[in-house]
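Chain order of the listed sequences is C and E.
Per my numbering, the very first residue in the first sequence carries number 1; after that it's consecutive.
Per my numbering, the very first residue in the second sequence carries number 501; after that it's consecutive.
Source of the hints: derived by calculation from the structure; they are not laboratory data.
The beta-carbon is built from N, C-alpha and C at its ideal position, and this holds for glycine as well.
Among these hints, one or two may not hold up.
Straight-line alpha carbon distances no greater than 27 Å define the calculated DSS-like cross-link-like pairs of lysine-lysine that follow [as the list claims (entries may be wrong)]: (1) K79/C - K993/E; (2) K266/C - K79/C; (3) K482/C - K466/C; (4) K114/C - K174/C; (5) K79/C - K888/E; (6) K114/C - K129/C.
Below, a sample of chain E positions facing chain C; criterion: calculated Cβ distance under 10 Å [unchecked claim]: (7) M586; (8) T592; (9) F602; (10) R739; (11) S741; (12) T742; (13) I820; (14) Y837; (15) R843; (16) G845; (17) L847; (18) T871; (19) L874; (20) A984.
Spelled out from the first residue to the last, the chains are:
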Amino acid sequence: MTWEIVIGIETHTQLSTASKIFSGASTAFGAPPNSQASAVDIALPGVLPVLNRGAVERAIRFGIAVGGTINRRSVFARKNYFYPDLPKGYQISQYEIPVVQGGSVTITTHAGEKHIRLTRAHLEEDAGKSLHEGLPPDLGDVSGIDLNRAGTPLLEIVSEPDLSSAAEAVAYAKTLHALVTWIGICDGDMQEGNFRCDANVSVRKPGAPLGTRCEIKNLNSFRFLAQAIEFEARRQVELIEDGGRVVQETRLYDPERNETRSMRSKEDAQDYRYFPDPDLPPLTIDDAWIARTRAAMPELPAAMRARLVAQHGITDYDAAQLTGSRELVDYYEGVCAALPATDAASHKLVANWVLGEFQAARNRDGVAVAVAPVGPARLAELLRRVADGTLSGKMAKDVFDEMWRANRDVAVQLTGVAAGVEAGMVDVIIERRGLRQISDEHAIEALVDRVIAANGAIVAEFRAGKDKAFNALVGQVMKASKGKANPAQVNEMLRQRLSS
Amino acid sequence: MIAGARDGAGTVRALSDALRARRISSVEIAQDALARIAASQPVVNAFISVDGEGALAQARAADAALARGDAGPLTGIPIAHKDVLMTAGLRTTCASRMLEHFVAPYDAHVVARLRDAGTVLVGKTNMDEFAMGSSSETSYFGPVKNPWSAECVPGGSSGGSAAAVAAGLLPATTGTDTGGSIRQPAALTGVTGLKPTYGVCSRYGLIAFASSLDTPGPLARTAEDCALLLNAMAGHDPRDSTSLDRPREDYLRDIAAAHTSKPLAGVRVGLPREYFAAGLEHEVGVAIEAALAELRALGATTVDIALPMVEHAVPVYYVIAPAEASSNLSRFDGVRYGHRAARYGDLADMYCRTRAEGFGAEVKRRILVGTYVLSHGYYDAYYLQAQKVRRLIAQDFVRAFERCDVIAGPTAPTCAFTIGAKADDPVQMYLNDIFTIAANLTGMPAISVPCGFTAQSLPIGLQLQGNHFGEARILNVAHRFQQATDWHRRTPKSGSAQYFAAHSYETGAR
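Throw the hints in and build the complete structure from the sequences for me.
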């Protein structure tokens, strides 16, 4: 009998507010240590927290997007513990009554769709950072504390243990990531730690009650999430099969060794002494606030996916890929609008190019959609030349490549600035490289006749019933045209001539 | 300095009039106050920090404003803040070794309001460490003495603020009241002290003891002066989420009305039988009865009321206040500011030694109690239960205020006790707040006014409690009472402090 893996995920999503959740200090990443720590953030005596309504607004947006209940009254609580990067000696979080309860997200794996239930989503503040390395050597053997991150707003999203494989866990994390960036509540930068997952993993025999779980902390990439879960599940199964027992504990994943290690056991767990924060009245959210937020919500991925299938005629698979990220689908729609795409064929052409060449180039060079060297208007120009027969698919790829490479380095340097390929560049490249496809019937006729005349042996083979010989003749025509002949026309003309 | 001697010992109102009539300058008043403070300090120890230079600079600015005709009622009035309130550039210690050298980079909201009103900040007053106490004995900077008897405590925790007014060092001071810390020392030193409705004065810049109870307020010789100060101190502060956003009020409005023979006609004074039970010192009881007779003589009617849940106020308070304190004081960890142990091993050792050295015994006791009642498995039985009873106590008062306008009774069950008498018996010490705590638990306003003396010439205080936002009403009742009595005008004259001989003055001579 095989083992079943049971996974629940807690995600710390950094909300994209300009200022912190309880102070006016900036949340911008990468500033010099402690330059963005106000009196509230460093917890001077006498200072008090004031809730940032922008953080609440984003939590409401999330609640609406996942179909959860937005509590009209939720309570901020203090989670008490001592740590140098926790200036107040307590973290302000939500405990008994969170801002959002319930809701679900739908994930797609090869096994199909699955609804993952959410337990809750609550607002809280982030802690600062302890720095143990990279400090000026003259300071001696000390640790540093950077409180720039202290007080950054987080939405902790907790799933039910509905996930049963590393693949599902990754699909869930990716879907959630796409959703929070889609609705504009999180910029989703995982390297900056703006989207961090903790995985609760246990194993059991099918039908058995839940096993003892271990929590793996701070997984900040999808790959690590998958590897950590796979390692941890294997570890637990081996432990049990060897007659051991899983101990409830918190573990850390070490990507270099690809293993999880015990951080602290349940026995060491601290008593956080949660109690309602007397400095903050209960958070009240009225119906009008929810209605205003709902009215300002963008079309959600699932709805947009269905619309693209119905209205654009693209496949559900392509629609799912495109709606995997707001930026990508915005790019797709930008190309469609500029082309303009009017029928299923042209929409499919755009979808193929965006998901094909464009994504491949982006992934190869690690470029974000917003700063891609080939913007939607330029791609539309290129596809216009494909649609009107000027360029074959192969030629269009060459032109795309040249545009991309020419502007790649500029674009990478100018992160944040939209791509800079000039309008009309497509036609300039076509002219310069002489890439115009030969679609003229007479020119193709002449090429075909020349090849037939020069390849009597192959023609004879074809006539003797060897179908493969036909492809050889097509190849000869294309070669004779230096690849510029319209392949469809070449095929048609060749068949016509050989059958006569 | 003759005028200074006379007016400096007087009321805010009298000084304000004298300043605006240009009979005296703010600099003269400040110099006089500084001299008195210096002379009193070895005996009374009312101050932790005195800022002579700063005071004189502010006084000169006030005199310039007065000369320009750009002066409000508080311009040029010297005051001091309890050392729990942050004062920009002036050390704020909370009477603790933990913050012995801490200089605040900003003003508390009420400090800024009083600064903007033109007051002259003379110094910071002594108190119980972290405002935890009823005797002002637990200060790292030594105990405060009662100006009426140097053998006695002045009450607490705002003991320095009360003693400074009682000794005639300043016409007014600020305090904070978490369980009676303005009213009880006011009663024990014979001055007037007001705890406003929770949320009327911002807590921003008040070093938190128990956040849901802490309330800044004024101490002065008269209710009228308290109203003058409250007019400046009150007001919405967006930096404090518990600060109330209400239209501005003139707390002098009722006081300003003309005096009649029965100024309290129509006022119903509630007498909770629970406040006149056993445990009340005989002399206190006698003085309170006399005060009630005076209120009746002024036209008030008295009505018996019941506050059955109020007997639980002390235990409820001693769960909630330490719980909040245990969390509020966590920031004093030696990491960013304040005391840090000179020698330590690892991080946990640094925390332990720093806090063991930085906090005094009473603060530690409350942190321990607070940590315990919030602990897993005890939270429901203690903290949650206390919050429920807190609501029941509030309901008692809401019901009572359907039948009366103010609730009267003793501020404290006893007069000032001897220094050290209760230092080793925390429960006896805690019981001194038995009548004052309810106003903090309910958030309602209350004032203590002098209403008599014991045979040993120790002051006795009458407490008047009001419904939420009833400050103007209780201030008016207190004012009318003070119009008819002279308890608040009496000053310690002899015996207790030799400096009084050198600086003889008469208070309230008008």
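A quick look at each hint next to the structure:
1. K79/C - K993/E: violated (53 Å)
2. K266/C - K79/C: Roughly 17 Å separates the two Cα atoms, so the pair holds.
3. K482/C - K466/C: holds (26 Å)
4. K114/C - K174/C: holds (14 Å)
5. K79/C - K888/E: holds (21 Å)
6. K114/C - K129/C: Judged against 27 Å, a Cα distance of about 37 Å means the pair is violated.
7. M586: holds (5 Å)
8. T592: Hint holds; T592/E Cβ to chain C Cβ min 7 Å, cut 10 Å.
9. F602: holds (7 Å)
10. R739: holds (6 Å)
11. S741: With a closest approach of 5 Å, the S741/E hint holds.
12. T742: This interface hint holds because 7 Å falls under the 10 Å limit.
13. I820: At about 9 Å, which falls below the 10 Å cut-off, the nearest Cβ of chain C leaves the hint on I820/E intact, so it holds.
14. Y837: holds (7 Å)
15. R843: Violated: closest Cβ of chain C sits about 15 Å from R843/E, beyond 10 Å.
16. G845: violated (13 Å)
17. L847: holds (7 Å)
18. T871: Where the cut-off is 10 Å and the nearest Cβ of chain C is about 7 Å from T871/E, the hint holds.
19. L874: For L874/E, the interface hint holds, since the closest Cβ of chain C sits about 4 Å away, which is under 10 Å.
20. A984: violated (40 Å)
Comparing the model with each earlier hint shows violations of hints 1, 6, 15, 16 and 20; every other hint is respected.
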